[in-house]
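Enquirer: When you get a sec, could you build the whole thing from the sequences and use the hints?
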Amino acid sequence: MSLILPKFEYYKPSTLDEALELLAKFKGDARILAGGTDLIVDLRSRIKKPKAVIDIKGIKELHKLEYIEGKGLIVGATVTLNELLEHPIVKSKFHVLYDSVRQLADMQLRNRATLVGNICNASPAADSAPALLVLDAKVKAVSKRGERVIEIKDFFKWVKKTALEPDEMVTEVFIPEPPEGSRGKYYKATRNVEDLAIVGVAGLVAYPNEPSKRIVRLAYASVAPTPIRIYEVEELFKRDEPLPKLIDEAVNIALRKVSPITDVRGSDWYRRHLVDVLTRKLLIELFLEG
Amino acid sequence: MKITLTVNGKKYEVDVKPNETLLDVLRDKIGIKSVKAGCWRGECGICTVLLDGKPVKSCLVLAAEADGSEIVTVEGLMKDGRLAPLQKAFIEHGAIQCGFCTSAFVLTAHWLLSRNPNVTREEVIEAINGLICRCTGYEQIIEAILAAAKYYKK
Ligand SMILES: Cc1cc2nc3c(=O)[nH]c(=O)nc-3n(C[C@H](O)[C@H](O)[C@H](O)COP(=O)(O)OP(=O)(O)OC[C@H]3O[C@@H](n4cnc5c(N)ncnc54)[C@H](O)[C@@H]3O)c2cc1C
Ligand code: FES
Ligand code: FES
Chain A
25 MSLILPKFEY YKPSTLDEAL ELLAKFKGDA RILAGGTDLI VDLRSRIKKP
75 KAVIDIKGIK ELHKLEYIEG KGLIVGATVT LNELLEHPIV KSKFHVLYDS
125 VRQLADMQLR NRATLVGNIC NASPAADSAP ALLVLDAKVK AVSKRGERVI
175 EIKDFFKWVK KTALEPDEMV TEVFIPEPPE GSRGKYYKAT RNVEDLAIVG
225 VAGLVAYPNE PSKRIVRLAY ASVAPTPIRI YEVEELFKRD EPLPKLIDEA
275 VNIALRKVSP ITDVRGSDWY RRHLVDVLTR KLLIELFLEG
Chain B
-17 MKITLTVNGK KYEVDVKPNE TLLDVLRDKI GIKSVKAGCW RGECGICTVL
33 LDGKPVKSCL VLAAEADGSE IVTVEGLMKD GRLAPLQKAF IEHGAIQCGF
83 CTSAFVLTAH WLLSRNPNVT REEVIEAING LICRCTGYEQ IIEAILAAAK
133 YYKK
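Chains as they are written, first to last, in our numbering: chain A, 25 to 314; chain B, -17 to 136.
No wet-lab data here; the hints were simulated from the structure. For glycine and all other residues, C-beta sits at the position ideal for the given N, C-alpha and C. Each hint should be verified, as a subset may be incorrect.
[As the list claims (entries may be wrong)] Simulated DEER-style distance windows between Cβ atoms:
(1) B/A19 x A/V301: 38 to 48 angstroms
(2) A/K84 x B/G35: 32 to 42 angstroms
(3) B/G76 x A/E189: 49 to 59 angstroms
(4) B/K(-16) x A/W293: 48 to 58 angstroms
(5) A/D178 x B/K70: 22 to 32 angstroms
(6) B/M(-17) x A/R280: 24 to 34 angstroms
(7) B/N100 x A/K31: 24 to 34 angstroms
(8) B/N100 x A/W293: 43 to 53 angstroms
Expert: Encoded structure:
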């Protein structure tokens, strides 16, 4: 690995229009720079070789972190993960997001890294992704041609591939108010504190003891080419049957839906084992707390 | 391109290339060698500096991104040419062996204790999770940080 970064042009626009202009001009040969904790690593290892790097930290309107009571939370593209963790509402209302971001990288990196960068990098292991999936987050994508909202479930297309067009960028993520009475949690199995997930599981549960109102959502990192939410388990939990039986069935469904690979972090067999164990642990804990 | 950095209270104007990192510039252009390079990929934390008050890994920050900001390296914690109590605590607790990682730990500890002098052991561990020391086994570092907390209480 060469230690010197490859050559690129550096731009630091102060308005969104300028940034969009640059993206249009470079036609896919430019990369957005937010916290740089993925991009600079990818530049150094020559995984990415853009002609231009567009630093968006000079665009004031992207540094927006706003909670609207009854509606949800808006997280702008330059809000760092530590800023998110320090916002009291994130801890008190968006448990599963708080829990996953707390386990993402380390304190020094979270002073730079952003939530939007985590999803735009589109790693199958992105720790915030399962949380955003169970919370039904919406991603705002903007280009010179206009803007659109992409549901988070449609945002991840493949390993390191998002639904963004080359001239588009994300300005913010909107996270709707979690369902009333819900609790959430994220479990991450890792080799050491500062590593990507071998498997990550996010869960959200509401009204565990009232089958008709009961809500159960599960999403995973590092078990498929993209982070995935397993919708098939959700209907199951509306049944008025003993929870241990439903948990068994949910685990079976999850195991059918995942397609883990073998890599340095773990074998596909071990990942399946973790899906089994962590899904049970997470659901049991959320049911008992609820 | 020209950028301005305030490093340990002193202003520098430096000519940098887009592909130079803050780590490169601090070491090679400004000449502060206490900032070490280990992995160049964000994993070891040895390159940690305070950027506008917050610990960051300088191998993952472009020099251009740091334009106009304030940097503190371990030298910046000294007062009138003397070691700060936190720095002394590292020596007294045997939290330094080869010293390669020391400035990263001291800077992180300074940030941590400045925010909250009543830190718990767990909070100390969480703050230094992203830093690697190959010598001390961490225990002495944790003890040094906890012992220095009293100097941050007003
Ligand atoms: C040592 C180390 C440990 C790590 N540990 C973890 C971990 O435990 N879990 C985890 O999930 N990740 C981890 N990461 C990865 C990384 O820190 C996170 O993915 C982080 O959230 C990325 O955010 P960023 O702002 O730094 O992104 P950047 O590096 O700035 O950007 C990431 C990618 O997204 C694109 N991008 C960024 N913002 C936008 C935008 N607004 N619109 C369009 N494209 C955009 C960039 O062009 C780039 O390709 C780790 C990284 C390192 C170096
Ligand atoms: S050299 Fe920067 S983290 Fe290792
Ligand atoms: S004292 Fe040698 S690496 Fe920490």
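Enquirer: Now look at each hint and say whether the structure bears it out.
Expert: A quick look at each hint next to the structure:
no.	hint	in the structure
1	B/A19 x A/V301: 38 to 48 angstroms	holds (39 angstroms)
2	A/K84 x B/G35: 32 to 42 angstroms	violated (20 angstroms)
3	B/G76 x A/E189: 49 to 59 angstroms	holds (56 angstroms)
4	B/K(-16) x A/W293: 48 to 58 angstroms	holds (56 angstroms)
5	A/D178 x B/K70: 22 to 32 angstroms	violated (56 angstroms)
6	B/M(-17) x A/R280: 24 to 34 angstroms	violated (54 angstroms)
7	B/N100 x A/K31: 24 to 34 angstroms	violated (48 angstroms)
8	B/N100 x A/W293: 43 to 53 angstroms	holds (46 angstroms)
Going through the hint list in order, the structure does not satisfy hints 2, 5, 6, 7.
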